[in-house]
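First to last, the protein sequences are chains R and F. In terms of this note's numbering, the first sequence opens at residue 13 and continues consecutively. In terms of this note's numbering, the second sequence opens at residue -8 and continues consecutively.
Treat the hints with care, as some may be off.
What the hints assert, rightly or not - If you anchor each label on the Cβ, the simulated ranges turn out as follows:
{"no.": "1", "chain 1": "R", "residue 1": "43", "chain 2": "F", "residue 2": "10", "range": "48 to 58 Å"}
{"no.": "2", "chain 1": "R", "residue 1": "47", "chain 2": "F", "residue 2": "4", "range": "20 to 30 Å"}
{"no.": "3", "chain 1": "R", "residue 1": "39", "chain 2": "F", "residue 2": "89", "range": "26 to 36 Å"}
Claimed, not checked - Pulled from the structure, derived: some chain R residues nowhere near chain F, Cβ distances all over 12 Å:
{"no.": "4", "residue": "32"}
{"no.": "5", "residue": "81"}
{"no.": "6", "residue": "91"}
None of these hints come from the bench; they were simulated from the model. Cβ coordinates follow ideal geometry from the N, Cα and C atoms, glycine included.
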Amino acid sequence: MKSSRKGNPPSVHVHTRLPMLRAERDISRKDLAELVGVHLQTIGYIERGEYSPSLELGLKIARVFKLPVEALFSLEPFAPLSATALTDTA
Amino acid sequence: MTQLFCFDASWCDRFRTRRRRRAIAGAYAGVLGALIITTSFFNSFFAVMPLYALLFAASILLNVSTRSIAELVTHALDEQQMAFRNAAYQRVYWPATMLAFLGGLLVARHSDWETALQAGALLWALLAGMPSLLAAWTLPREADDEE
């Protein structure tokens, strides 16, 4: 376990697609925060990788987007969307 | 309580940019330093009272800038705020206990009431503000902080 940024609680770095999905579904940070019952800034910290959400919060966010949690969060960096799209069409 | 002191109100966001948060933390530390120096020169607690008033004002600003995560009751915070709060408290644990030990020694050496009051008040000011001070310095930028 190591700290991802100075001053943060120790955590592994969790990669997320949250900003992209939020933009795609037109959900504001404030709306999402209200839907999952956290502070607005918490969503911002998660999106910027400053904070890794608990399993409970990850599941709640996934439920809002009606997606499996691993579609939103990953321990490995997500492949660029362009690469995925190219693979899918090939 | 939260709304009353605007600890989480959006109209206080101007105090929550990292630059201002750190400036407030610096000001708070400056008042603490002045308090330590003044206390060592004046033997009367009431002589340093204005500095405690200043420290109180600085502590309110410090709490506004950190959304008071170090001092609010647990159920008023979410998991991220609790995690940052825990990290701040964990980091100040050893310095705080060491300060408490040194303060205890100071009081034991000078058994007069006035010195004990001054040492106690100073110790309280140092220990109580530590978690907020650390949080103000180390919290990451907020989402809309563009300074």
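Outcome of the hint check:
Distance hint check: the CB atoms of residue 43 of chain R and residue 10 of chain F are about 29 Å apart, inconsistent with the given range 48 to 58 Å. For the pair residue 47 of chain R and residue 4 of chain F, the supplied restraint of 20 to 30 Å holds, since their beta-carbon distance comes to about 22 Å. Our hint of 26 to 36 Å for residue 39 of chain R and residue 89 of chain F is violated, since their Cβ atoms are close to 47 Å apart. For residue 32 of chain R, the non-interface assignment is confirmed: its Cβ lies about 16 Å from the closest Cβ of chain F, beyond the 12 Å cut-off.
Its beta-carbon lying about 16 Å from the closest one in chain F, residue 81 of chain R satisfies the requirement of being farther than 12 Å from that chain. The Cβ of residue 91 of chain R lies farther than 12 Å from every Cβ of chain F, with a closest approach of about 26 Å, so its non-interface assignment holds.
The structure fails to meet hints 1, 3 from the earlier list, while all remaining hints are met.
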